[in-house]
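Need the complex rebuilt from these two chains, each delivered in its own frame; the hints are there to steer you.
Sequences listed follow chains R and X, in order. Letter by letter, the first sequence follows residues 1 to 217 of my numbering. Letter by letter, the second sequence follows residues 1001 to 1341 of my numbering.
Hints are not guaranteed to be accurate.
Facing chain X, a subset of chain R residues (Cβ under 10 Å, in silico) [to be verified]:
hint : residue
1    : Q45
2    : K113
3    : D116
4    : G118
5    : E121
6    : I134
7    : V137
8    : E141
9    : V210
10   : A211
11   : H216
12   : K217
Read the hints as simulated data drawn from the structure, not as lab findings. Quick reminder that beta carbons are idealized off the backbone N, C-alpha and C, glycines included.
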Amino acid sequence: MNSMMVTLLWNATKETLYMVGVSVVIAELLGLPIGVLLVVTDKDQILENTILNKILSFIVNIGRSIPFIILMVAIIPFTRWVVGTSIGTSAAIVPLIVAAIPFVARVVESSLKEVDPGVIEAAEAMGASPWQIIYKVLLPEALPGLVLGFTLTAVNLVGYSAMAGTIGGGGLGDLAIRYGYQRFRGDVMFYTVIILVLMVQLIQMLGDWVAKRVAHK
Amino acid sequence: MIILKDLHKTYAGERVVHALRGIDLQIPAGKIFGIIGQSGAGKSTLIRCINGLEKPDQGEVIFNGINISQLSPKELRKTRKKIGMIFQHFNLLSSRTVFDNVAFPLEIAGMTKEKIQHKVRELLELVGLGDKEKAYPHQLSGGQKQRVGIARALANEPQLLLCDEATSALDPETTTSILQLLRRINEEMGLTIVLITHEMPVIQEICDDVAVIEDGKIKEYGPVIDVFTKPQASATKRLLGGSIESQIPAELLQQINGQTDKERIFAKLSFVGSSAHEPIISSLLKNYDVTVNILFGKIDQMKSVPFGMLLVEMRGEAQRLNEALLFIREHDVEMEVFMNE
Ligand SMILES: Nc1ncnc2c1ncn2[C@@H]1O[C@H](COP(=O)(O)OP(=O)(O)OP(=O)(O)O)[C@@H](O)[C@H]1O
Ligand SMILES: [Mg+2]
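For reference, chain X alone in the conformation it holds in the complex (with noise of 0.2 Å):
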């Protein structure tokens, strides 16, 4: 639905900023992209990009086959109209109630008053706030605001929706019900959705996929699951650092560092998807006849998978726990066997 090529850009000013040096990217319809990296990234450059809000220096935005970097003011403002965006701070009419902010983009594309109406109400149903219509913008909530800035961003009915870190104002869970509203939007109208945050929890809620994004380039992308559990990148490794992999102490791991012997291994488990739930561990002490002591375990959960790691110690006789090794390793999990030094 998107797709990026090779974007530059740069800002001059007292210090000159490269911005983006060469975006690769392509977006998929129907899905909820994410777009990770920390402050000063140029995540919000990309973003206005894909809206023509920025114009790149160099590459080109496609949006549905169109070429957003050539089209004529006209025709740009045509093509916005398919493509909704909300922001961080809302950027509501503050002179507006919230049915005529909702109007807005309505007027915008002209039309009649009673079809305004009818709209607006429907739109308002759709994001919980059909009691709050006549309010002003400074009687909301945070909250709040945001959910008539996806209703007015959903008003023409767009193709795309934008999100420059849209809950990155609000509290967890504020930010919690405004990721299902968008998750819930996603599923039931289709509508592509492409996000942009510095928070990790943000991802793993809602997205399929990620893109992480460092010094204006993309380093890494794919499904959220596969980004997050193996992790390629040393940008993407960063910004997971607060994450299970890196929570096992260090302690921890340096008292097992020599305890390894025939009979006596460590092995980290990951899980994801449906090995989570199986009961391997429990499999493993009934058939090979091996004692496992779990040292430290975490399970999360990305959109609807879930995912986790355990750290254990396992003992028995040689033989059989090289079988248990090979039916771990059977069972989709990855495992990685702490080796002496």
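Next comes chain R alone, as it looks inside the complex (with noise of 0.2 Å):
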């Protein structure tokens, strides 16, 4: 392996991580209230609103059911819009977190709804609002299954990056296409999938040691 080849790897596994490791956070800090509005406003819960859990519901539906492919061309004028230009690392993290979204918040209303439903009416006949419930109660309660939730958000979104990369944002799915498929170049080509398969190995490994350790069952 040569040093460019090393160099060539080493900036798109940096590529991908800033790719991932943005738009993780900024979807799970976006899909996080939607997920536990998801809960609470369900049937017979704290805040039971029916209209909004319907209207929520068919919003994330709608975003779960559009392939990534589609949606990252379809949602180009919006990634101008935010960062200025359709192209480049930054602005693939646009669609990754529009596409992340819904799914993070179906993945925090599942863990929500593992939460013990009677610790939740002792919380309410203790006297507990529906915001202390939601933050003392839910979260806390539910933090090992939102963890793996993270996890499992994480990895999905190495593999949905690497098509990100194709319309030119770079990172290992890219460098994979360019140099493996377009330029005959085999090495490269298996270089990128082992470290894409070390980093989710990484991640789910980091992400179930974590969640064991905040679990106290």
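Take a look at the structure:
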């Protein structure tokens, strides 16, 4: 492996980590409240609001049903409006976030639904407000599940980021296509795949470890 | 302290369930009040109406003069801080230590950190868990979990404690220790306790008053000793199925039938309270010159009141026998004499 290839691979890895890192954090920040809302507005929940729940759920489902590759192209005008350009690594982050938000919302929703309803009831009986129940009961009780959900999102985003690379986003996917496929560099293809696999393994291991640390079961 | 007026509650679903059908009940302050009924009778629904976890369709819940169903959400939360609750499955926060679980209601009430420290320690001492503050709920036994539940429920110094099947998930020995703790709290803090259960021994062990609920209605209520020794409602009799009254073997009763004559009678004697201590039988033997043969007997205790029942055969001269019966009646002993059919 010559030094040029090492540089190429290293830069691509950094770009991928940057895309995944930024988009997973922002998508969590935006998806978490939506997931919480999906749960607390559901039937028999602390802020039951069937209409809001149905509308939110509908929007989230739309988001989840559009294939990423189409979403990426479809929201180019929006991407341009946000980051000023539609190509480059930063521009790739926008569709990644948009695609991940509904995913995060559903993952958060399913984690929060695992919280024992009896514990929520106990908090209500003690006079906790809906807001106190959310941040003192629901979120802490669901923390291990939320961490695993966060991990799942990050792993998915590694995959999506490879696709985003193809519209000029850079990163490992882009490298694999440009060198490995278009210039018949089988070795580049091989190394990028190895790095992607290692990356996913590492993220998963880290996620599992943290989830275990925060679980008290 | 609590007045329930004509409470109705239906659950709509695939099948409409009429869980409460007109509950009228008054629960006095300072007592341990038991509500007993079979599964599905509406006990949980009833107790949940008291702190507004469940909203009745009709009727009123008055707690210390406050109409619970008319409160705004904010006022309801304030009132709930004065009503503690413990649960069958404890409902502790698994993500918090014992200390932090007990601190939870204090945080909710906006108490300062230093005050919380002090108060939590005091509560954990009270329930006998001073050494467990750093443990997580999954590291505790059922009885210990319920102690945490009790400490948590007492944190905001409530006037009322609601217990929904608080001992149903515990073994008999642990049940007794939890019940003793509740009793101590009732006596030392003057806290009113409303306790629901489907287990007779729980009522028998610590309750002052009891209400029997069946099909969403209160069938009978009053002091435990009265309700359990002289049950009126058929629901009560059914619940008492396994207890003293019905334990006389049917065979024995059949044998007795037709045996009574002037010089030989059979009687069932029920003692309650102090008369259970008095040596009535030996007095009979000494003073009336009758023979007493005990065919069946049982003695038990309700809270601190002993009570018992004896099935006896008495022989003697007709005159002396009559005097003996009079003597028994004078001594506060319920008596049922078996006649020939
Ligand atoms: N949320 C609910 N939705 C529909 N039906 C309900 C609901 N809660 C209770 N019920 C029904 O109402 C009736 C009374 O229930 P409740 O829980 O008050 O009984 P219970 O006396 O506490 O019984 P158990 O001893 O089994 O706890 C039952 O028939 C039950 O199925
Ligand atoms: Mg119940």
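Problem set entry | Which numbered hints fail | 1, 2, 6, 9, 10
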